[in-house]
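K.L.:
Given next are the chains, with one letter for each unit.
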Amino acid sequence: MRRLAREAGPPALFVTALVLAWELWARRSQSRNPVLPAPSKIWRAFLDTAHLLPDHLAATLTATALGVGVGVVAGVLSAVIVSSWPLARRVLQPLLVVSQTVPVQVLAPLLVLWAGFGLAPKIIVVALVVFFPVAVSTAGGLQGVDPELVELVRSFGAGRAVLLRMVMIPAALPGLFSGLRISLTYAVAGAVIGETIGAQRGLGLYLSRSQRAFRYDQVFVGVIVIALLSVALFSLVSVLAHVFCPWQRRSDRST
Amino acid sequence: MIELERLNVHFGPLEVVRDVTLRVERGRFCAVVGPSGCGKSTVLRVLAGLLQPGVARIGGLPAAPGRAAFMAQRDLLLPWRRALDNATVGAEARGLQRKEARARARSLFERFGLAGFERSWPHQLSGGMRQRLALLRTFVADLDVLLLDEPFGALDALTRRDLQGWLDTILSEPGSGHSHSHSHSPDPGTSRRTVVLVTHDVDEALLLADEVLVFSPRPATVVARVDSPYEHPRPGRLVTAGDFVQRKAAVLDALG
Ligand SMILES: Nc1ncnc2c1ncn2[C@@H]1O[C@H](COP(=O)(O)OP(=O)(O)O)[C@@H](O)[C@H]1O
Ligand SMILES: [Mg+2]
Numbered sequence: 001m002r003r004l005a006r007e008a009g010p011p012a013l014f015v016t017a018l019v020l021a022w023e024l025w026a027r028r029s030q031s032r033n034p035v036l037p038a039p040s041k042i043w044r045a046f047l048d049t050a051h052l053l054p055d056h057l058a059a060t061l062t063a064t065a066l067g068v069g070v071g072v073v074a075g076v077l078s079a080v081i082v083s084s085w086p087l088a089r090r091v092l093q094p095l096l097v098v099s100q101t102v103p104v105q106v107l108a109p110l111l112v113l114w115a116g117f118g119l120a121p122k123i124i125v126v127a128l129v130v131f132f133p134v135a136v137s138t139a140g141g142l143q144g145v146d147p148e149l150v151e152l153v154r155s156f157g158a159g160r161a162v163l164l165r166m167v168m169i170p171a172a173l174p175g176l177f178s179g180l181r182i183s184l185t186y187a188v189a190g191a192v193i194g195e196t197i198g199a200q201r202g203l204g205l206y207l208s209r210s211q212r213a214f215r216y217d218q219v220f221v222g223v224i225v226i227a228l229l230s231v232a233l234f235s236l237v238s239v240l241a242h243v244f245c246p247w248q249r250r251s252d253r254s255t
Numbered sequence: 001m002i003e004l005e006r007l008n009v010h011f012g013p014l015e016v017v018r019d020v021t022l023r024v025e026r027g028r029f030c031a032v033v034g035p036s037g038c039g040k041s042t043v044l045r046v047l048a049g050l051l052q053p054g055v056a057r058i059g060g061l062p063a064a065p066g067r068a069a070f071m072a073q074r075d076l077l078l079p080w081r082r083a084l085d086n087a088t089v090g091a092e093a094r095g096l097q098r099k100e101a102r103a104r105a106r107s108l109f110e111r112f113g114l115a116g117f118e119r120s121w122p123h124q125l126s127g128g129m130r131q132r133l134a135l136l137r138t139f140v141a142d143l144d145v146l147l148l149d150e151p152f153g154a155l156d157a158l159t160r161r162d163l164q165g166w167l168d169t170i171l172s173e174p175g176s177g178h179s180h181s182h183s184h185s186p187d188p189g190t191s192r193r194t195v196v197l198v199t200h201d202v203d204e205a206l207l208l209a210d211e212v213l214v215f216s217p218r219p220a221t222v223v224a225r226v227d228s229p230y231e232h233p234r235p236g237r238l239v240t241a242g243d244f245v246q247r248k249a250a251v252l253d254a255l256g
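Read top to bottom, the protein sequences are chains F and Y. Sequential numbering of the first sequence, starting at 1, is according to my numbering. Sequential numbering of the second sequence, starting at 1, is according to my numbering.
Keep in mind the hints are simulated off the structure, nothing from the lab. In this text the structure is predicted, and so the values were computed from the model without any measurement. Some hints could be false.
[Said to hold, decoys possible] So the derived label-pair ranges between C-beta atoms look like this:
(1) F:V145 x Y:P35: 24 to 34 Å
(2) F:E148 x Y:L158: 45 to 55 Å
(3) Y:L158 x F:F14: 49 to 59 Å
(4) F:L164 x Y:F11: 22 to 32 Å
(5) Y:T169 x F:Q93: 45 to 55 Å
(6) F:Q93 x Y:V245: 16 to 26 Å
(7) Y:E173 x F:L95: 51 to 61 Å
(8) Y:V223 x F:C245: 47 to 57 Å
(9) Y:P79 x F:L53: 55 to 65 Å
(10) F:G118 x Y:Q97: 22 to 32 Å
(11) Y:T169 x F:L4: 46 to 56 Å
Using N, Cα and C, we set each Cβ at its ideal position, and we do this for glycine too.
Model the full structure from these sequences, guided by the hints.
P.N.:
Structure (structure tokens):
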């Protein structure tokens with residue numbers, strides 16, 4: 001708790017000061033600058049549209065969660081394939097890299113064209129965003145496994161299943177989690193971009209509607225909710241990593 | 001019993017082992033010394049059934065993974081397992097009950113100087129402790145045959161002397177954690193384990209083993225067999241005894 005106060009205190013103070021300055025500045029230049037609404041105005045916009053937000057949030061969260069799920073499964077599978085067969089590595093590794101050079105903003109309209117305005121194109125966008133970092137860092141974990149370690153466990157008579165459980169999975173987990181952590185904020189952004197292009201629900205839709213209505217106060221509400229969602233998911237992954245990779249905890253190192 | 005009849009190993013064009021014959025009777029301790037890179041580890045890997053499986057025979061059966069407990073020069077602990085769970089890796093890999101293995105491991109922690117560290121992560125242990133834990137893992141695997149590849153090679157001289165004496169003692173203790181739940185032992189609890197130890201430390205070889213094989217530079221051939229017929233457990237100062245020194249000279253001469 002004391003550590004939390006020590007670490008969170010300074011940034012919290014800083015943000016408070018920033019918000020106050022912003023409020024003062026926005027009030028003085030109110031008429032001339034509709035693009036930067038005062039925090040109080042954003043707060044009112046939040047209260048006004050609060051009843052709409054859970055629905056949009058749920059849609060974005062669903063697309064993100066499903067996309068992350070698909071991306072993680074595909075990423076881990078490719079990591080396993082790429083780490084198991086040298087030939088697969090030579091064929092797939094360049095393709096993996098190429099798949100990442102197409103920006104989401106370019107891809108999203110195409111996907112909407114092909115897969116419609118439903119959940120599917122968002123899931124695909126998120127999955128694509130998550131896939132690469134997860135595949136790369138999981139493959140890194142798998143390929144980093146000490147071959148002597150594998151041989152030792154095998155010398156006691158371990159079969160493939162035991163090796164997988166004892167060595168490969170634990171070796172891959174930290175990489176998997178760090179890949180997830182890297183890609184999560186992009187995953188949320190991917191879902192939102194997908195929704196701004198075409199959707200019936202979602203924070204991206206809320207954003208684009210607000211923008212078209214010149215309701216910049218609502219745009220800010222949307223951006224803040226999206227940021228909070230990213231932070232929440234990031235924390236969730238950190239908690240999962242903490243639970244599933246206890247040997248990596250830093251606090252344990254000093255005891 | 002361990003039997004290896006005229007082993008030859010090539011890695012591509014590289015001839016690594018030539019005509020090596022090795023026989024270790026049940027309960028006996030055989031040490032292998034030789035220049036570095038000559039093929040000692042390769043021979044041990046054949047005994048472990050990792051290379052050319054079936055070529056060696058362990059207790060009358062073709063060598064295969066799971067027949068002998070193998071320990072490499074590096075401790076090779078799993079970083080994601082606490083000490084106690086590392087101790088059971090060999091047993092679990094053999095398919096033994098985890099619960100039983102844990103109980104046996106727990107009962108040996110004190111004897112291996114690791115009491116109180118059951119829940120530590122490997123990175124929290126000192127080099128000597130990690131090595132003892134790796135040795136404990138080979139004991140908990142509950143196999144009659146131990147294959148030790150320079151188990152103390154990475155340690156400082158003092159710790160090494162310490163662990164040598166301690167290994168000799170532990171092997172001489174009746175049982176030494178041997179559960180003999182598997183029926184192939186005629187005299188449960190009293191038999192010594194059969195050990196092959198690879199080392200480059202001549203004192204270590206003569207101090208621990210009943211017989212020392214000296215390998216030539218690559219390709220490895222057996223150039224000398226030197227007996228070390230002293231009662232176990234042996235005092236550390238045995239290294240200064242006159243006939244011990246003579247045997248040591250014989251080994252060193254063979255090493256060239
Ligand atoms: N899997 C392998 N493939 C090719 N060469 C190997 C392999 N394993 C060992 N060697 C070579 O065989 C020789 C003997 O190795 P090793 O048995 O590890 O020697 P030692 O344990 O006596 O130091 C070395 O020259 C080593 O480079
Ligand atoms: Mg070696």
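K.L.:
Could you run down the list of hints and mark each one as holding or not?
P.N.:
We went through each hint and held it up to the structure:
1. Restraint check, V145 (chain F) to P35 (chain Y): a C-beta distance of roughly 31 Å satisfies the suggested window 24 to 34 Å.
2. Checked against the given bound of 45 to 55 Å, the beta carbons of E148 (chain F) and L158 (chain Y), roughly 26 Å apart, lie outside it.
3. L158 (chain Y) and F14 (chain F) have their C-beta atoms about 54 Å apart, which keeps the hinted 49 to 59 Å range intact.
4. Checked against the given bound of 22 to 32 Å, the beta carbons of L164 (chain F) and F11 (chain Y), roughly 28 Å apart, stay inside it.
5. A hinted range of 45 to 55 Å holds for the C-beta pair T169 (chain Y) and Q93 (chain F), which are about 53 Å apart.
6. The given range of 16 to 26 Å is broken by Q93 (chain F) and V245 (chain Y), whose C-beta atoms sit roughly 59 Å from each other.
7. Our hint of 51 to 61 Å for E173 (chain Y) and L95 (chain F) holds, since their Cβ atoms are close to 59 Å apart.
8. Evaluation of the 47 to 57 Å hint for V223 (chain Y) and C245 (chain F) yields a pass: the beta carbon distance comes to about 50 Å.
9. With their beta carbons about 44 Å apart, P79 (chain Y) and L53 (chain F) fall outside the hinted range of 55 to 65 Å.
10. Our hint of 22 to 32 Å for G118 (chain F) and Q97 (chain Y) is violated, since their Cβ atoms are close to 51 Å apart.
11. For T169 (chain Y) and L4 (chain F), the Cβ-Cβ distance of about 51 Å falls inside the hinted range of 46 to 56 Å, so the restraint holds.
Violated hints for the displayed structure, listed by number in ascending order: 2, 6, 9 and 10.
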